[in-house]
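**Q** Below are the chains, spelled out letter by letter.
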Amino acid sequence: MARMNMIEAIRSTLAYQLQKDDDVLIFGEDVGYFGGVFRCTDGLQETYGLKRCFDTPISEGGIIGVAIGMAAAGLRPVVEIQFSDYIYPAYDQIASEAARLRYRSNGDFTAPLTIRTPVGGGIYGGETHSQSPEALFTHICGIKSVIPSNPYDAKGLLNTAIETNDPVMFFEPKRLYNGPFDGDPDKPAMSWDSSELGEVPDEEYRIPLGEARTIREGNAITILAYGTMVWVAEAAVRSHGIDAEIIDLRSLIPLDMKTISASVEKTGRCVVVHEATRTSGFGAELAALVQEHCFYSLEAPVQRVTGWDTPYPHALEWHYFPGQARVAAALEQVLEAA
Amino acid sequence: MTKDESDTNSDLYIPEPLHRPGDTPDFSHIHVRRNDNLEQPDVLVDSYETERHAGGLIRVMDMQGVASGPWLPQVTPDILRKGLRAMLLTRLMDDRMFAMQRQGKLSFYLKSRGEEAVSVAQTLAIRKTDMVFPTYRQQGVLIARDYPMKRMMCQCLSNAGDSSLGRQMPTMYSSREYGFFSISGNLGTQFIQSVGWAMASAYKRRDDLAMAYIGDGSTAEGDFHYALNFASTYRAPVVLNIVNNQWAISSFQGIAGGQSKTFASRGLGYGLASLRVDGNDFLAVYAVTRWAAERARRGGGATVIEHYTYRAEGHSSSDDPSKYRPNEEASAWPYGDPIERLKQHLIVIGEWDDARHNALVDDLSTYVRDTYKEAEALGSIAAGTGIDPKTMFEGVYEHMTPTLDEQARVSGVGTWRE
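Chains A and B supply the protein sequences, listed in that same order. Note that the first sequence covers residues 1 to 338 in this note's numbering. Note that the second sequence covers residues 339 to 756 in this note's numbering.
Do not take every clue at face value.
A few chain B residues that face chain A, going by a derived Cβ cut-off under 7 Å, partial list only [as the list claims (entries may be wrong)]: (1) Ser502; (2) Gln506; (3) Ser512; (4) Tyr516; (5) Asn524; (6) Thr527; (7) Gly534; (8) Trp535; (9) Gly560; (10) Ser570; (11) His695; (12) Val734; (13) Tyr735; (14) Glu736; (15) Thr739.
If you're looking for bench data, these hints aren't it; they were derived computationally from the structure. Cβ atoms here follow ideal geometry from the backbone N, Cα and C, with glycine treated the same way.
Build the full structure now, drawing on both the sequences and the hints.
**A** Right, dumping it as structure tokens:
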């Protein structure tokens, strides 16, 4: 058992995959010699060689297009898009090509690639280094979308993602790379040393896609969250003494509807939390699913706590970020509803 | 108008084609020469040595079918007859399927008339293990590789004989077995994917190439730039073909920036060997493809080839080219018809004659008609496709998901649950 932050967990998983399978190639902007702007590939080129982990042109569409061709040819590319804010030039290749290659060719060609990309704000990244575009991908059939909230899950989910024969979006909440974050920017940064989810076993393990993790059991209300907001919600619940059940979805597509339904049927109340903008966000899908599956168990309308429908502002980052106060206010409102 | 016109030279320029409906096509500005004095360089030549080849036009045959010059390929009459047969078969199938589309048997069709030499000659110049990343106008590749025509027709009819279960529009074939990558209707996307395939081939230390196609119009897509840039950066063993057939639906090639510089010359800026070839000259297309394939296999990296040709029919069954260009433009095209030219060449070298040609056309016509009947017996859009609706929900992912299973159940087609 080793103490790791999320960067180390991801890096060790990538190293294991490179070691295990010659068909795994890692590439992206600055991932080679330098080891990535967040250091997730640090040392991999040195250990596994130039051809296994290399730099690409600044060309997100080119990176994904090349990865699709490689994957169709039998390799298993794991590519990094440096910030998810940069992914839009690759959207055609992801949505029209990677996601549909298996279907349109009836399995003649497939695209088993993993696209790693940092998401979320809280690092003063402004509008171009803070976005959470997961809903643009959960809307596309044929790809899976995964988002870990801690080092332990990052390792288990990344192993599964790379070994999956479908294309997988692997969203990494950059505010959680070095430690859990409760949404309060004025507190000293925490490290993963303080969390049992920072304990990452040396042996390899896989977490199936589509299995949520119940972070905290409770009876009064269900919180559906993922990524950074798991820890913000957890802090809000703790500081307000709310008997909430917090479900970390971990994988958005496929979605663990069983765990969600069981919890909402138990508590009768539900709040959905995400950092992404509100309108047509993944929270809308969750709210719709909860009312479709659990309507007669609900004692109050489902509420969403999200980022506002504005670009991610730089100076006003903490006005934008859906922090503990907004989460707590929503919880209290839903709890008070008749 | 904020300024008097006399005050400025500034004005917005919008390119316009030479001819519009009602005009008499005039291509007299095109000087049809034997070969622009373009030598055949060593295959590992520095890319800048191909500058004249990117700006000129590589040709082997003159308009009387006489072949000569430095690009004259070593190719047996048997290969040429195979090429002639595949081009004829492509055209006859196109005609048949287009007619059947007009009868409502299929939803859509795309012909490749006038461009058959590009697909067929190139396919015969590479290996069967090389992967082709086609556009929807490369049906000649499958035919030159002896793919079963009935399966192509079943794909177009969207019936139970379509190995892709009617999931794609007609002509969007896929066959890994025949080295034919699944066609995307989104233009240009496959160009960069082919570079990835080629990089994978190189990584695996295999000798197989990738060969990709893009139209003159789609060179304007970012994927074109990505492909040339990555191919150059990683010296990928890929042949990158631009089929300049002059028209992108209704937009002439000038709308893609073709007026000031040849499309082939785009490759030079990326440090790629770049050749421009008479796309209606079977021998020249064969020769440049052999050159590019050998360059790639010997570690010289990618070559950009512009095939200068003419789309002799509408874009598709949904198009009416008489709305935007003169009907006579195709017959006025100064580089003729690729099938007629190869036929003439074979006659000139004493390897073919009209009687054999007519007999071959008769045979192939019968074959196309009979094969079509067999294909249509398996269903059509008009008569019912015979495709099980349950298949609609399969293959989105490797394994069935609970969500899709539930949607299938709600839709009434069934469930995969035990």
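**Q** Run every hint past the structure and note whether it holds.
**A** Now the hints, each set against the structure:
1. Interface restraint check for Ser502/B: the shortest CB-CB distance to chain A comes to about 4 Å, inside 7 Å, so the restraint holds.
2. A least Cβ separation of about 5 Å between Gln506/B and chain A falls short of the 7 Å threshold, and the interface hint therefore holds.
3. Because the closest C-beta pair between Ser512/B and chain A is about 4 Å apart, less than 7 Å, the hint holds.
4. Interface restraint check: Tyr516/B against chain A, minimum CB-CB distance 10 Å, threshold 7 Å, status violated.
5. This hint holds: Asn524/B has a C-beta 5 Å from the nearest C-beta of chain A, less than the 7 Å allowed.
6. Given the 7 Å rule on beta carbons, the hint for Thr527/B holds: about 5 Å separates it from the nearest Cβ of chain A.
7. Hint status for Gly534/B: holds, given a least beta-carbon distance of 2 Å to chain A, under 7 Å.
8. For Trp535/B, the interface hint holds, since its Cβ comes within 7 Å of a Cβ in chain A; the closest pair sits about 4 Å apart.
9. The beta carbon of Gly560/B is positioned within 7 Å of a beta carbon in chain A (closest approach about 5 Å), and the interface hint is therefore held.
10. The interface hint given for Ser570/B is broken, as the beta carbon of that residue sits about 10 Å from the closest beta carbon of chain A, more than 7 Å.
11. Given hint, His695/B at the interface with chain A, is violated; its Cβ is 36 Å from that chain's nearest Cβ, farther than 7 Å.
12. Below 7 Å, beta-carbon pairs count as interface contacts, and Val734/B has one with chain A at about 5 Å; its hint therefore holds.
13. Given hint, Tyr735/B at the interface with chain A, holds; its Cβ is 5 Å from that chain's nearest Cβ, closer than 7 Å.
14. For Glu736/B, the interface hint holds, the least distance from its beta-carbon to any beta-carbon of chain A being 5 Å, beneath 7 Å.
15. With a cut of 7 Å, the hint placing Thr739/B at the interface with chain A holds, because the nearest CB-to-CB distance is about 5 Å.
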